Amino acid sequence: CDVGSSSLDTDSCERWMNCKSEFLKKYMSKVANDLPSCPCFYPTEVAYSTADVHDATTRRNFRWKDASGPKEKLEIYKPTARYCIRSMLTLESTTLAAQHCCYDDSMKLITRGKGAGTPNLISTEFSADLHYKVDILPWIICKGDWSRYNQARPPNNGQKCAENPQDEDYYKQFEEAREF
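Counting with full-length UniProt numbering, you get residues 1 to 180 for the letters of the sequence shown.
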C-alpha cells in the first residue's frame, strides 16, 4: 500500500489504516496467534536482564526484555508510560513480530490510550531499520494520533487486565487526540 502518495480526499494516515492487502491480513492473523499476551503487571526482573514470563493464554514461557530506555523515546511515542517491555523472537516464531507492552507508575499494564503498547510487526531484534519503517513511520504519518494508530494496531489485553487508564482519563486523552 502506498501511503506516501498525495490525494485530496484522504490523508496518509487514513490510507495506511485502510491498507488491507491479503499478505498483511494473513501476517496480522499470524501475529495475533504468535505473540504472548501482555502481563498485567510489569515483570520487574526484566529491568536487569531478559526474563522468562509464563503466558497463561498460550501456556508457554516467553522471553521479554525491558523497552524503557532512552532509545525508546517513551516521552514521545508512549507519553503516559513509565515502563515498557518487548517480547523476544523464539525458535517457534512464525513471524518477525514482537509484543510491546507498557506500564504506568504503579507498574500496571496500560490497556488503552496514548501510553498503551502495541504489537510491533517487525521486532527490533530482527531489524531496527525495518521496525522503524513498518511500526514507527505509520505513527509519524498519523501525526502521533494514537487513537487512529491503535485502531489499526490494537494494544493487547489478552489476559483481561483491569482497564487502564480509568474511563475519565481515557476519554480526556481521546478528546485531546481528536483536537490535535
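Misleading hints may appear alongside valid ones.
[To be verified] DSS-like cross-link-like pairs, simulated, lysine-lysine; straight-line CA separation at most 30 angstroms:
(1) K172 <-> K143
(2) K160 <-> K172
(3) K73 <-> K108
(4) K71 <-> K143
(5) K160 <-> K73
(6) K25 <-> K160
(7) K25 <-> K133
(8) K108 <-> K65
(9) K30 <-> K160
(10) K73 <-> K30
(11) K71 <-> K30
(12) K25 <-> K65
(13) K133 <-> K65
(14) K133 <-> K73
(15) K108 <-> K160
(16) K26 <-> K65
(17) K73 <-> K143
(18) K65 <-> K143
(19) K30 <-> K143
(20) K172 <-> K108
(21) K133 <-> K143
(22) K26 <-> K172
(23) K143 <-> K108
(24) K160 <-> K65
(25) K25 <-> K143
(26) K71 <-> K133
(27) K26 <-> K160
(28) K133 <-> K26
(29) K30 <-> K172
(30) K73 <-> K20
(31) K133 <-> K30
(32) K26 <-> K143
(33) K20 <-> K30
[As the list claims (entries may be wrong)] Distance windows between CB atoms, simulated:
(34) T58 <-> E179: 38 to 46 angstroms
(35) S29 <-> A162: 23 to 31 angstroms
(36) L130 <-> R63: 16 to 24 angstroms
Hint data in this document are derived by calculation from the structure and do not stem from the laboratory. Nothing here was measured: the structure is a model prediction, and the numbers come from that model. Virtual Cβ for every residue (Gly too), placed ideally from N, Cα, C.
Cross-check of the supplied hints:
Taking the CA atoms of K172 and K143, the gap is about 18 angstroms. The hint holds against a cut of 30 angstroms. For a cut-off of 30 angstroms, the pair hint linking K160 to K172 stands: about 23 angstroms separates their Cα positions. For the given pair, K73 sits about 20 angstroms from K108 by alpha-carbon distance, which is consistent with the 30 angstroms threshold. Using a Cα cut-off of 30 angstroms, the hinted pair K71 and K143 holds, with the two alpha carbons roughly 20 angstroms apart.
The hinted pair formed by K160 and K73 meets the criterion: a straight-line CA distance of about 27 angstroms does not exceed 30 angstroms. Of the pairs offered as hints, the one joining K25 and K160 holds, with about 24 angstroms between alpha carbons and a cut-off of 30 angstroms not exceeded. Simply put, K25 and K133 have alpha-carbon atoms about 18 angstroms apart, close enough for the 30 angstroms limit, and the pair holds. A hinted pair counts as satisfied when its Cα atoms are at most 30 angstroms apart, and K108 with K65 qualifies at roughly 17 angstroms.
For the hint linking K30 to K160, the alpha-carbon distance of about 21 angstroms falls within 30 angstroms, and the restraint holds. Note on K73 and K30: the hinted pairing holds, with a Cα-Cα distance of about 28 angstroms set against a maximum of 30 angstroms. Annotation: proposed proximity of K71 to K30 holds, straight-line Cα distance about 28 angstroms (limit 30 angstroms). Distance hint between K25 and K65 is fulfilled; the C-alpha atoms sit about 28 angstroms from each other, no more than 30 angstroms.
With a C-alpha separation of about 22 angstroms, the suggested pair K133 and K65 falls inside the 30 angstroms cut-off, and the hint holds. Restraint check for K133 and K73: the C-alpha separation of about 16 angstroms stays at or below 30 angstroms, so the hint holds. Simply put, K108 and K160 have alpha-carbon atoms about 12 angstroms apart, close enough for the 30 angstroms limit, and the pair holds. Simply put, K26 and K65 have alpha-carbon atoms about 27 angstroms apart, close enough for the 30 angstroms limit, and the pair holds.
A threshold of 30 angstroms between alpha carbons decides the hint, and for K73 with K143 the separation of about 15 angstroms falls inside it, so the pair holds. A threshold of 30 angstroms between alpha carbons decides the hint, and for K65 with K143 the separation of about 28 angstroms falls inside it, so the pair holds. For the suggested pair K30 and K143, the alpha carbons sit about 28 angstroms apart, so the restraint of at most 30 angstroms is met. With a C-alpha separation of about 19 angstroms, the suggested pair K172 and K108 falls inside the 30 angstroms cut-off, and the hint holds.
Of the pairs offered as hints, the one joining K133 and K143 holds, with about 15 angstroms between alpha carbons and a cut-off of 30 angstroms not exceeded. Among the hinted pairs, K26 with K172 is inconsistent with the structure: their alpha-carbon atoms are about 35 angstroms apart, more than 30 angstroms. Proximity of K143 to K108 is assessed by CA-CA distance (about 27 angstroms); at most 30 angstroms being required, the pair is judged to hold. For the hint pairing K160 with K65, the CA-to-CA distance comes to about 22 angstroms; that is within 30 angstroms, so the pair holds.
For the suggested pair K25 and K143, the alpha carbons sit about 24 angstroms apart, so the restraint of at most 30 angstroms is met. Under the criterion of a C-alpha separation no larger than 30 angstroms, the hint pairing K71 with K133 is consistent with the structure, at around 16 angstroms. Restraint check: the Cα-Cα separation between K26 and K160 comes to about 25 angstroms, which is no more than 30 angstroms; the hinted pair holds. Note on K133 and K26: the hinted pairing holds, with a Cα-Cα distance of about 19 angstroms set against a maximum of 30 angstroms.
A threshold of 30 angstroms between alpha carbons decides the hint, and for K30 with K172 the separation of about 33 angstroms lies outside it, so the pair is violated. With a CA separation close to 29 angstroms, the supplied pair K73 and K20 stays within the 30 angstroms bound. The straight-line distance between the Cα atoms of K133 and K30 is roughly 20 angstroms, inside the 30 angstroms bound, and the hint therefore holds. The hinted pair formed by K26 and K143 meets the criterion: a straight-line CA distance of about 27 angstroms does not exceed 30 angstroms.
Straight-line distance between C-alpha atoms of K20 and K30 comes to about 15 angstroms, which keeps the hinted pair within the 30 angstroms bound. One distance hint, 38 to 46 angstroms for the beta-carbon pair T58 and E179, holds here, with the actual separation near 39 angstroms. Under the hint 23 to 31 angstroms, the C-beta atoms of S29 and A162, about 27 angstroms apart, fit the expected range. Checked against the given bound of 16 to 24 angstroms, the beta carbons of L130 and R63, roughly 20 angstroms apart, stay inside it.
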